[in-house]
Structure formats: C-alpha cells, structure tokens
Amino acid sequence: MEPIIEEMKQEIDKWIAFINDKDAEKIVKRTTLQVGIHGYALLKYEGGRVDVTDYPLDLSVPGKSRLSTGGGLTEEQVREQIVPELARHMQHRLSSLPQAVLDYRFDFEGNFQVVNGGTVKVPILKYVDEAKKQQLLDRIGSYISSKLEAGKYPTKPLETFFLARHLLDEELFPVLDSGRIIGLYERIQVLNKGSKHLAEHRNTLTVALRNWVEEQWLPRYFENTGSEWEKEYTRKSGAVLEQSGSGQEAVELVIYGAVSILRYEPSYSRSTGLTFLNCVTALGSTRADRLIREGSGALAEDVTRLKTELVEGIANDVFAEVSIHMKQESGESYGQALRFLITLLKQGFPKSYQIKLKSAVKSWLPVKGLAKSGTHRFFANALEYPEVHPLLEEYARAAMETFEWYTDTEGEKCCMPGSYAVFGLGLSDRTYFPVVREYMEKVDVEHQSVQNGFTAALYGHYGINTETLPVLVTCMLYSTDSLKLKLMKELEDEKLLRLLLSQVRGLQYYQSEHLVYLIWGGKDKLKKLADKAEGDKKQVFEELMQACRRG
0 MEPIIEEMKQ EIDKWIAFIN DKDAEKIVKR TTLQVGIHGY ALLKYEGGRV
50 DVTDYPLDLS VPGKSRLSTG GGLTEEQVRE QIVPELARHM QHRLSSLPQA
100 VLDYRFDFEG NFQVVNGGTV KVPILKYVDE AKKQQLLDRI GSYISSKLEA
150 GKYPTKPLET FFLARHLLDE ELFPVLDSGR IIGLYERIQV LNKGSKHLAE
200 HRNTLTVALR NWVEEQWLPR YFENTGSEWE KEYTRKSGAV LEQSGSGQEA
250 VELVIYGAVS ILRYEPSYSR STGLTFLNCV TALGSTRADR LIREGSGALA
300 EDVTRLKTEL VEGIANDVFA EVSIHMKQES GESYGQALRF LITLLKQGFP
350 KSYQIKLKSA VKSWLPVKGL AKSGTHRFFA NALEYPEVHP LLEEYARAAM
400 ETFEWYTDTE GEKCCMPGSY AVFGLGLSDR TYFPVVREYM EKVDVEHQSV
450 QNGFTAALYG HYGINTETLP VLVTCMLYST DSLKLKLMKE LEDEKLLRLL
500 LSQVRGLQYY QSEHLVYLIW GGKDKLKKLA DKAEGDKKQV FEELMQACRR
550 G
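Here the sequence shown is numbered in numbering that gives the first Met the number 0, starting from 0 and rising by one per residue.
Just so you know, the hints here were simulated from the structure itself, not pulled from any lab data. Just so it is clear, the structure is predicted and the values come from calculations on it, not from any experiment. Just to be clear, a hint being listed does not mean it is correct.
[Stated by the list, open to error] Using 20 Å as the maximum straight-line C-alpha spacing, the simulated EDC-like pairs for lysine to aspartate or glutamate come out as follows:
hint, residue 1, residue 2
1, K367, D480
2, K131, E170
3, K132, D106
4, K367, E311
5, K192, E437
6, K524, E512
7, K28, E158
8, K357, E383
9, K357, E400
10, K125, E84
11, K192, D443
12, K151, E185
13, K13, E75
14, K524, E466
15, K494, E542
16, K355, E386
17, K131, D106
18, K524, E541
19, K441, E411
20, K146, E199
21, K120, E84
22, K531, D492
23, K345, E383
24, K483, D523
25, K522, E493
26, K13, E45
27, K131, E148
28, K357, E328
29, K25, E158
30, K527, E493
31, K8, D50
32, K195, E158
33, K494, E541
Start from the sequences, fold in the hints, and give me the full structure.
Structure follows, in structure tokens:
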C-alpha cells in the first residue's frame with residue numbers, strides 16, 4: 000500500500016502548491032462576504048490513476064498520473080489504511096496555508112475504484128474554522144442590515160454572488176428560513192431595479208437556488224435516473240415530505256427557485272423550472288400544481304382574466320406569459336386586449352414577459368432584425384388599426400423599462416418591452432416621435448441592437464429634413480456602431496448641417512464621436528471634408544471636430 004499512498008500524497012502536495020500560488024489576500028478583500036477561497040477537494044482513484052481537484056473529473060482522459068503499482072484496492076484498504084493516512088497528510092498541509100486561501104470550512108472527499116469494479120465514495124476530512132465561521136456570520140448580518148434592509152442604493156454583483164450561497168449554506172444557517180431568504184433575494188432585486196446589473200443579480204440568485212435544489216433538496220426525495228445533462232427524477236421509495244417545519248420551508252424555496260427560472264432564465268431552462276414544480280407536486284404540494292395552472296395569485300382574477308365576445312386573455316405571472324385569443328380581428332378587439340395588457344403591467348405583472356397569440360392574421364413590422372414571435376405579431380396586427388394607436392402609446396409607456404426584455408427574444412433579436420409598439424407608431428406618424436425619443440433614451444445599447452433596424456427604417460420612410468433630423472440623431476445615439484446610414488449627401492445641405500451641430504452641442508465627446516462615425520465613418524474622414532470645405536461650412540465641420548475632442 001505504501002507506493003499507492005505515497006503517490007496520492009504527492010498529488011495532494013501538487014494541488015496544495017497550485018491553490019497556494021495565488022494572491023489570496025487581495026482576492027478576499029474584494030468583499031467582506033468572502034473569508035477564503037477554497038472549501039472543497041476531491042481525490043479520485045480510477046483505473047490505476049489518481050488526481051486531486053476541486054471539481055468532479057473524468058480521469059479517463061490522457062495525461063493524468065498513472066500509478067505504477069498493479070492490482071486493485073479493497074474497500075477495507077480504502078477505509079482502514081488509505082483514508083486515515085490521507086486525512087492526516089491533508090490536515091498537516093492545510094495548516095501551512097495562509098489564512099485567506101481556505102474558506103471557513105473545507106471538505107476533502109475520496110472517490111476510489113475498488114477490486115469488484117465498484118466505487119467507494121467516502122469523506123476523508125471535514126475541517127471547520129469556528130473563528131472564521133463566526134466572523135463570516137457577523138459580516139453577513141452586518142451586510143444585510145446596512146446594505147439591504149437599510150440600503151437605498153444598488154448593490155454589487157460580487158456581494159450577491161456570495162450572499163446568495165451563504166444563505167443556503169446549512170453549515171452557516173442550520174435552520175432553513177425560506178421567508179427570510181426569499182425576502183432578501185427580493186430586496187436585492189428591488190435595490191437594483193433600473194441598474195444595468197439587474198439581470199446579473201437575478202441570474203446569480205437563480206443559479207444559487209437551482210444548485211441548492213439539485214444538490215441538496217432533490218437527492219432527499221428523488222433519484223436521477225437520467226444522465227448528468229438530461230436529468231430525469233424518480234421518487235424514492237418511501238420518500239415522504241414533512242408536512243410542517245423544515246419540509247414546508249424547503250418546498251417554499253424550491254417553488255421560488257422554479258418560478259425564478261421560468262421568469263428570468265432563457266427558454267432552454269424552462270424544462271428545469273417545470274421539473275422542480277412537478278417534483279414538488281409529486282410530493283403532494285397542491286400549490287405547485289396551482290401555480291402551473293393559474294399563476295401565483297398575487298394579482299386579482301379580474302386583472303389576469305379577460306373574456307368578451309371579441310377576445311380572450313389569460314395571464315400567468317409564474318411563466319410571465321399572456322395568452323391572447325383574438326376571436327375577431329377589429330380595432331375594438333385589439334383595443335380590449337391592449338387595455339388588458341396595460342392594466343396587467345400597472346398592477347405589477349412582470350415587464351419581462353411574452354405574448355402567446357392565437358390569431359388568423361400574421362402581420363410583421365417593416366423592420367429588419369426582429370424576431371417573428373407571437374409578441375411581435377400581436378403588436379404588428381394591432382398597428383393596422385389607427386384608432387388604437389393612442390392605446391399603443393399608453394401601453395409602450397407602461398411597458399418600457401431599461402434592462403427588462405420580451406422573453407421570446409434572444410441574442411441579437413433581444414428587445415425591451417414596448418419595442419414593437421414604439422417602432423410601429425414611429426413609422427406610422429410623426430406625432431409619435433416624442434415616444435420614440437423617450438424609448439431610445441431607455442435602451443441598453445450593450446445588450447440590444449434591434450434599434451439599428453428601426454433607425455434605418457425610420458430614415459428610409461421619412462428621409463432627413465429639419466423635422467426628422469432631431470429624432471434620427473437620438474436614434475443614432477442609442478444605436479450600435481454597426482448601423483449604416485447614408486446621410487453624407489443630405490448633410491451637404493448647410494442648413495441641415497447647422498441643425499446637426501446644434502444637436503451635437505451639449506453632448507459628451509464620445510457621443511459626438513459616435514455620431515460622426517455613423518455619418519462620416521470617423522473623425523479622420525470628417526477632417527478631410529473640413530480641409531476641403533470653405534467659409535461657414537468649414538467652420539461647422541471644425542466645430543463638429545471640436546465636439547469629438549475629450550475635455
């Protein structure tokens with residue numbers, strides 16, 4: 000056994016050297032909610048190979064250490080000889096590490112292949128630094144009190160990353176308090192509403208919940224009979240959900256996690272949220288089944304239900320979906336549907352949502368790059384009726400919110416709620432230019448580019464003149480660099496050029512630079528025009544150049 004154990008110790012030493020080769024003190028100083036970096040290690044022995052890592056590893060890949068000693072291990076050898084020796088060695092090596100390298104707890108586990116072809120999974124060492132644990136609990140309490148409960152400002156994504164996981168850590172909080180956890184998760188979202196990091200916070204919270212459900216809760220009641228990538232859960236024989244105390248507390252948290260996935264995660268994650276709800280339902284929860292069918296119940300039924308001779312609508316806030324059946328295609332029917340949507344949004348229905356439309360009509364907006372979704376089709380259909388345009392404007396103002404998205408769009412087709420209504424209105428009548436400008440000023444340019452297609456369509460529809468130039472400037476300011484508009488010829492008109500200069504005055508230098516790039520292809524090309532120009536036009540070009548200079 001000595002050569003085998005010695006090889007394992009050498010792999011432990013290599014791993015210790017690897018994790019110690021970091022500026023740990025600098026890393027943990029980023030936030031008070033991190034007291035160490037590493038909290039887990041796994042030693043795997045399989046096929047005569049050994050490796051130590053901090054994540055499950057397939058040791059069948061080439062390049063791993065191969066033991067020279069032949070033969071297999073027995074379970075008795077693993078438990079009685081190997082584990083105690085490795086525990087002592089790891090404990091000794093951990094004691095030599097700087098404080099910041101290790102988290103408040105450290106779990107060292109083993110996964111050993113034995114002679115009969117089976118695998119022995121065994122804990123080797125569990126270490127808890129009680130002083131560091133108490134320090135972390137004190138910091139968590141202080142953070143919650145000062146930054147969340149009494150906080151008034153957006154919080155940092157890194158702080159949410161650690162807090163979300165700490166609150167679900169049974170070592171830190173042995174008694175599960177789902178109400179407090181959910182309340183704090185919601186408070187984080189409230190404080191970050193309108194922040195460009197809101198989606199990141201939501202994703203962090205949702206991932207923490209998903210990991211807790213899959214790693215802690217589901218294994219208590221279900222077995223994964225599928226694969227690692229396509230999980231299928233079968234209820235364990237005799238698994239019974241506790242009807243009070245921790246059992247129900249956990250159920251509330253599982254349901255909250257499922258709803259978060261359904262509302263905020265991409266469509267391909269939808270099956271995971273439904274799986275969680277179905278598992279809770281299988282254990283006897285009537286609430287999970289009701290959520291799937293009816294929504295959360297937070298909104299009154301007369302708000303979430305619409306049924307007339309012309310149109311039917313059902314809104315489910317759990318799925319963030321509104322199903323609309325147009326029984327008749329008319330201005331009145333779309334007017335009723337729009338009033339239904341406006342009321343929903345004003346009553347707190349998620350602004351990141353989608354419309355499931357049942358209609359005989361398939362209209363699309365004349366804007367390149369838009370997703371051909373039910374939501375898009377509903378608004379394109381409604382725009383065919385001028386009498387509902389004022390309602391579309393009211394809807395747009397109720398729906399528009401930075402960092403919220405229609406959930407049936409992804410990637411380059413992603414768009415803020417209200418997009419289709421605003422685009423259609425802007426192309427229908429110049430009287431809607433104010434709502435177009437209001438919309439553009441809310442666009443998150445880092446994550447949305449469909450406004451490029453609309454800006455091009457707006458220019459193609461109206462051209463450029465003294466009335467349209469201001470709104471085109473606003474649209475260009477909030478478009479990306481990939482927008483291509485051929486405005487150079489029109490802007491040879493000195494009157495329009497001066498109007499452009501008046502729009503540029505007061506902008507930040509980088510905004511002016513962006514406009515110059517979209518119109519002329521950059522400052523260098525504008526300078527060439529300025530060099531060739533004469534008189535007043537030369538002065539305008541030079542002032543435009545000056546607007547692009549920092550400070």
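### Task
Output the numbers, in ascending order, of every earlier hint that fails for this structure.
Hint check: 4, 9, 13, 14, 16, 23, 27 fail, others pass.
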